[in-house]
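Participant: In order, the protein sequence lines correspond to chains W and F. Here the first sequence is numbered in my numbering, starting from 3 and rising by one per residue. Here the second sequence is numbered in my numbering, starting from 3 and rising by one per residue.
No lab work stands behind these hints, which were simulated from the structure alone. Every residue, glycine too, gets a C-beta built ideally from N, C-alpha and C. There is no bait here: all hints are sound.
Footprint (simulated), chain W over chain F, 3 or more residues, beta carbon under 8 Å:
1) 98 to 106
2) 168 to 181
3) 189 to 196
There are 2 protein chains.
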Amino acid sequence: MKFGVLGTGAVGQTIAGKLVAMGHDVMMGARAADNEKVLGFARRTGGKAGTFAEAAAHGEMVFNCTRGDTSVAMLTTISGELEGKVLVDIANPLDFSQGFPPHLTVSNTDSLAEQIQRILPGTFVVKSLNTVNAAVMIDPSRVPGHHTVFVSGNDQHAKGKVMDLLRSLGWQSIIDLGDITSARAAEQLLPLWVRLFGVLGTGDFNIAVMKA
Amino acid sequence: MKFGVLGTGAVGQTIAGKLVAMGHDVMMGARAADNEKVLGFARRTGGKAGTFAEAAAHGEMVFNCTRGDTSVAMLTTISGELEGKVLVDIANPLDFSQGFPPHLTVSNTDSLAEQIQRILPGTFVVKSLNTVNAAVMIDPSRVPGHHTVFVSGNDQHAKGKVMDLLRSLGWQSIIDLGDITSARAAEQLLPLWVRLFGVLGTGDFNIAVMKA
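In isolation and in its complexed conformation, chain W is listed as follows:
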């Protein structure tokens, strides 16, 4: 399958590298096509390198792995290339600029995923994977037990495609929280994630939803 991965940070590199290793046709996109990190990705993995627009055009499914506080501005510039596609939004609107603990730049009555859905009305935005670190995203077996990943989005078919991909990554406990407004719940988990990271001393953790 053809994937576009927007963003060259740890999350983008990890997701894109795993998708290449799984045999998919992956293009990573950066602001400029000669970006050192995107060229490094292509060299190391055999994946493709391009601009944000080229990567979005390449993918049947596209991952937003850009920094949460820059995502909306960037995605606005490539809305045409994302038309009719599934955009998996992994970004978190965390602001560390005022020190610890970070706060969310949008929360409670809105979410980054909703902002993105509003500027991309012809795109099927699905929030997912933002509640675990990059290593766990692509290898849930790093954490023992049936821990949980969430999906939020307005389109059931798009969520189904993302859930299929999550299963192919090894995820067994996947909970559909509801429409895109339910991304507020997933994004508001980040303050807990940051605290647990401090307490546990590792990013290899997750929460499991357990019920009677």
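With the hints as your guide, set chain F onto chain W.
Facilitator: Structure of chain F alone, referenced to chain W:
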């Protein structure tokens, strides 16, 4: 041990009833001492009935089980009775007045627990138990596995006392998230709780923190 329980709703009734059943000396407090619910509690359980001020004066440890949007105003009026005591803040600042999903009346850069700690500088505020429903609070075995409850507060000794009480209720996985600002993380779990309640169709659930 002597406990005060502020609030006569489902959470207050459940906590106070359990504490009486465990052999503790419990006074439930309401706005007025002749409140029907607080008298009903005393009649049913053999516990004591009083005003908010009387229940706060009675307890060595006091539980805030009032509605989150009314807690600060009420607690301000009984600050003297709470001086030097441990106040376990179970309340959630949820506002359902604008429909579903509810939003938090305070979040992200502040929390209800911090607001309470600020108006009660001589009280040891510990946020806990706000992330599960009343039935699970007092009987974690309703949900299978080692699921997790959190504590947040500025005073280690006060948190230790609350953790002892949690253990006596059957909690085995207790995570100290940090100082009172970490209550933001626990309170921001509520939007997820509300969504999961809708998806799972039961309040008998919880999250377990799992790590490598």
